[in-house]
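Asker: Everything in the sequence shown is counted per this note's numbering, starting at 1 for the first residue and increasing by one.
A hint or two may mislead.
As the list claims (entries may be wrong) - Cβ pair distances, simulated, as ranges:
#  : residue 1 : residue 2 : range
1  : R149      : L50       : 27 to 37 Å
2  : R252      : N90       : 27 to 37 Å
3  : P6        : A227      : 16 to 26 Å
4  : G156      : Q75       : 21 to 31 Å
5  : G51       : N90       : 50 to 60 Å
6  : R2        : V259      : 39 to 49 Å
7  : P53       : H148      : 57 to 67 Å
8  : A231      : R154      : 27 to 37 Å
9  : K89       : R154      : 50 to 60 Å
10 : I158      : L49       : 18 to 28 Å
11 : R252      : I3        : 21 to 31 Å
12 : Q135      : V259      : 25 to 35 Å
13 : N90       : L257      : 34 to 44 Å
Keep in mind that the hints were calculated from the coordinates and are not lab data. Every residue, glycine too, gets a C-beta built ideally from N, C-alpha and C.
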Amino acid sequence: MRINQPTTDREYQFTPQETLVSVTDTQGYLTYCNPTFIAVSGFEEEELLLGQPHNLIRHPDMPAEAFRDLWASIQAGLPWTGLVKNRRKNGDFYWVQANVTPLRAGERIVGYLSVRTCPTRQQVQSAETLYAQLQAQARQGRIRLCLHRGAVQRVGLIGQAARWLQAGTGARLVWLQAAAVAVALAPALAQAPLPLTLATAGAAALGAGWLARRLAVAPLADLVREANLLASGDLSQTVTTGASGSIGLLQRALFQLSVNLRTRSTSTFHGVPRTSMECCKSLSWFVFSRKSVPVTSSEIY
């Protein structure tokens, strides 16, 4: 892992109103960064964009586990969120809450968009404690904690049991529905032979689980997939609608968001087609620059 030196004990703090935005290619080399990113990093724009890797601002206090988890997530096409301690050019440090999203051209990942905001002091203190633990266990060679999509998990059997107990909403819903049907059938089957009781209860539970998955879990999974595509800057995707209840409301809200973003992107660039990466650079600039007028492509490139 790259070690950037020297470092100081001075913290540089930016305001909660500021947002740092950057885009890299699939190898982690910077292709775009907004003025706030440049100012906070302490580097000149030319220093950042002349073929420099993003780890130019990596601080040696950051554990390797955090970046392993980050790359494992985004290379799998998933977003990643976590606190990161960065190093300025003069050695000072600053903390950010990083939100990294893959950028796509169709099904292919073509880069990564990173949007960083100012974390709270409580978040920073928690991250300092966790990262010190991760660094210490790496030095000792006794790995007890790991990160998975930004969340802390224990390794080994204890961690696997905890992950099973913390199954997603869909899995919990299926299990609860199946258990409820099995319990409801128990009195009616109490007098039946044991093999028939087990077979009937099992079939009913499986049927209830399948129905719950079809009616609730599958639409939620589709919403997550479509939201991730939208977050990656792929505005060509059509959001599924037509469900009823809360899922239907979520579908319509996500659909309206995609339409609004597509309209904003088109109007900002006068109808000129843009790639997913260009669109994300442009939208991130528009949303996070705090300007009151639309920006043009000449302000970005």
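Asker: Cβ-Cβ distance between Q135 and V259: within 25 to 35 Å?
Answerer: violated (46 Å)
Asker: Could you check the hint for me, namely that P6 and A227 are 16 to 26 Å apart, CB to CB?
Answerer: violated (42 Å)
Asker: Assuming the hint says 50 to 60 Å, is it satisfied by the Cβ distance from G51 to N90 or not?
Answerer: violated (22 Å)
Asker: Does the Cβ pair R149, L50 satisfy 27 to 37 Å?
Answerer: Holds, at about 32 Å.
Asker: Starting from the hint 21 to 31 Å, judge whether the C-beta atoms of R252 and I3 obey it.
Answerer: violated (49 Å)
Asker: Could one say that the CB atoms of N90 and L257 fall in the range 34 to 44 Å?
Answerer: holds (40 Å)
Asker: Given the hint of 39 to 49 Å, check if R2 and V259 actually sit that far apart at their C-beta atoms.
Answerer: Given range 39 to 49 Å: holds, Cβ gap about 42 Å.
Asker: Between the beta carbons of I158 and L49, is the distance compatible with 18 to 28 Å?
Answerer: violated (45 Å)
Asker: Measuring from beta carbon to beta carbon, are K89 and R154 in 50 to 60 Å?
Answerer: Cβ of K89 to Cβ of R154: about 38 Å, so the range 50 to 60 Å is violated.
Asker: Given the hint of 27 to 37 Å, check if A231 and R154 actually sit that far apart at their C-beta atoms.
Answerer: Holds - the Cβ-Cβ distance for A231 and R154, about 29 Å, lies within 27 to 37 Å.
Asker: Range first: 21 to 31 Å. Now tell me if the beta carbons of G156 and Q75 are that far apart.
Answerer: For G156 and Q75 the Cβ distance comes to about 25 Å; the hint holds.
Asker: Okay, R252 versus N90 on CB: inside 27 to 37 Å?
Answerer: violated (49 Å)
The structure shown violates the earlier hints numbered 2, 3, 5, 7, 9, 10, 11 and 12.
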